[in-house]
Amino acid sequence: MDYYSYQQLIFQIQWLLEKTLLLDDRLSQLQSDIDNIKQRNPTSIDRIPF
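Those letters in the sequence shown? Residues 1 to 50, per UniProt numbering, in order.
Since the hints were made in silico from the structure, they are not lab data. By construction, the Cβ of each residue, glycine as well, lies at the ideal position given by its N, Cα and C atoms. Among these hints, one or two may not hold up.
[Stated by the list, open to error] In silico SDA-like cross-links for lysine to any residue, where the CA-CA straight-line distance does not exceed 20 Å: (1) K19 with L9; (2) K19 with L30; (3) K38 with R26.
[Said to hold, decoys possible] With beta-carbon atoms standing in for the labels, derived distance ranges: (4) E18 with Q39: 47 to 55 Å; (5) N36 with F11: 31 to 39 Å; (6) Q39 with S5: 30 to 38 Å.
Let the sequences and hints guide you as you build the complete structure.
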C-alpha cells in the first residue's frame with residue numbers, strides 16, 4: 001500500500017470511530033430515557049416491544 005492508501009485507511013478508521021462514539025452516546029441517552037420511563041410508570045414499559 002502506498003502513502004495515499006494509508007491516509008485513506010486512517011481517515012476511514014477515524015470516521016468509523018466518530019460514528020461509533022456518537023452511537024454510544026445515543027444509546028446511553030436512550031437507556032437513561034427508558035430508565036426514566038420505568039421510574040415514572042413501571043407497567044408502561046412492558047408494552048414497549050424490544
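To see whether the hints hold, each was checked on the structure:
| no. | hint | in the structure |
| --- | --- | --- |
| 1 | K19 with L9 | holds, 15 Å |
| 2 | K19 with L30 | holds, 16 Å |
| 3 | K38 with R26 | holds, 18 Å |
| 4 | E18 with Q39: 47 to 55 Å | violated, 32 Å |
| 5 | N36 with F11: 31 to 39 Å | holds, 38 Å |
| 6 | Q39 with S5: 30 to 38 Å | violated, 51 Å |
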